[in-house]
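Trainee: Given chain A, put chain B in place with the hints provided.
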Amino acid sequence: MVDMDAFAKPGKPYYLALGMEGSANKLGVGVIKHHLGPLDENNRAEILANVRSTYNAPPGQGFLPRDTARHHRNWVVRLVEKALKDSGVKVSDLDCLCFTQGPGMGAPLQSVVVAARTLSQLWELPLVGVNHCIGHIEMGREITGARNPVVLYVSGGNTQVIAYSRQRYRIFGETLDIAIGNCLDRFARTLHIPNDPSPGYNIEQLARKGKHLVELPYTVKGMDLSMSGILEYVDGLAHDLFSGKKSKYLYDEEDGERITVEDLCFSLQENLFSMLVEITERAMAHVDSNQVLIVGGVGCNERLQEMMGIMAGDRNGSIYATDERFCIDNGIMIAHAGLLAYRVGYGNELEDTVCRQKFRTDEVYVKWRDD
Amino acid sequence: MTETNELVPSACYTAPDLEKEFMVSTSAERTTNGSTTGPSDYLLRVTEGDYVDKDRSREGKDTRIGRLRGYVTSLQDQVNVFLTTRMNESKQAANEKAEEESIERRVLDEGADTDDDDDDDKDDELIGGS
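Line by line, the protein sequences are chains A and B.
According to my numbering, the first sequence holds residues 1 to 371 in order.
According to my numbering, the second sequence holds residues 1001 to 1130 in order.
Bound-form chain A, shown alone (with noise of 0.2 Å):
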């Protein structure tokens, strides 16, 4: 058994963390309580505050490093403002600052970093860098209680299938090239779609109303994938779709009837996410789980959830997953992932605090876990 108290101040039944988020377009401050123990069904970690601002480009454009980052450094104080006013807890009280130290975009990573530096000296407090990764995971595992679950890691920069063994977070499959909400993204800009509230969930909504499946490349490469000639394919269909051309690819087999931008949501979407759940499944069988968690921003889309649950069903197992606030990238789980490895004496010193676009998931040393 892990000792999680090792570092606990003097008569205090509890700890607080501030963890702050800005690795891509969304900036989220968060405050969490733990108490004293491990943590289980009967000792669950307090979110006390989880506020977030998203930087949306306009319609057809991407989120671009540097708008993005004046983005968050605009806004970081204002929402530190309201996470500890929503807490009701005093900055003396707090045990620690958690900060995302990466993987993500460099200027974005960077505005976050600048300002948790300037909190951790104004309060003294001492910085704990998280992985963004491990964040979203001991995030599921909280709120949704999967005590060992096959990680489905599905967001705009990431997509990998994660399963844990000897204190580290492996990696099973990934992407090859794009991640999957960078695919779903990058269509909805071709199609000229609003990025408000998020591009994924306005393709969500079109997919639904889709009746046809367009066939589509379908590239599992053993416990890999690979999604840019998808959207290459897919984008392809649009732009002659657009241009009113008469291809036989943009009408129906059987009903004869033409394609809709609705089919063709619908199609990427069934094709992706049979494609993860192929390479969940099999990470399942590997290591001999029935449990599925799936976080990260592309884990709120409803469709991914059911297609996950059919399969998680068929052998006996069920799936975790939990809403926006904690599926989107957000701050609280900064707070909670920094909190536990701050409770078994991690901590960064203000020169080690740099972060790092690249910064893999099973570089993390496990040290809150021992089963």
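Worth flagging that the hints you see were computed from the coordinates, not collected in a lab.
Values in this document were obtained by computation on a predicted structure and should not be read as measured data.
Among the chain B residues that face chain A by a calculated CB cut under 10 Å, a handful are: (1) N1033; (2) G1038; (3) P1039; (4) S1040; (5) V1046; (6) D1050; (7) K1054; (8) D1055; (9) I1065.
If you anchor each label on the Cβ, the simulated ranges turn out as follows: (10) A:Y249 / B:E1110: 49 to 57 Å; (11) A:R117 / B:E1029: 23 to 31 Å; (12) A:R303 / B:D1050: 29 to 37 Å.
Even for Gly, the Cβ is constructed at its ideal location relative to N, Cα and C.
Mentor: For chain B alone, coordinates are given in the frame of chain A:
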């Protein structure tokens, strides 16, 4: 708050050919929305003047830290303008040098080779060298 306690930032740029100090004046008007820290030119261009900036910084407070924020914005503007000019100058110098070399090469090549297309020459070299 006494003047000695005021947090006043400065910056120093050092290059082999140049040293420059950047200072801010504590009496100048302060802003938290600098001339170089607005939305990117790209964003303004693609939205064709319709961009609604929802991400402006808040006005600074008149506290020690609030004033520092204003000074840093002004310092950042100075550094940004200086470095952008310097980068443009070095880019221009590089272009001029490339242009000169290309003229020189064309003049030399004309005597030896009837083929006056530079790209073709490059291809020939590659084929010959492989």
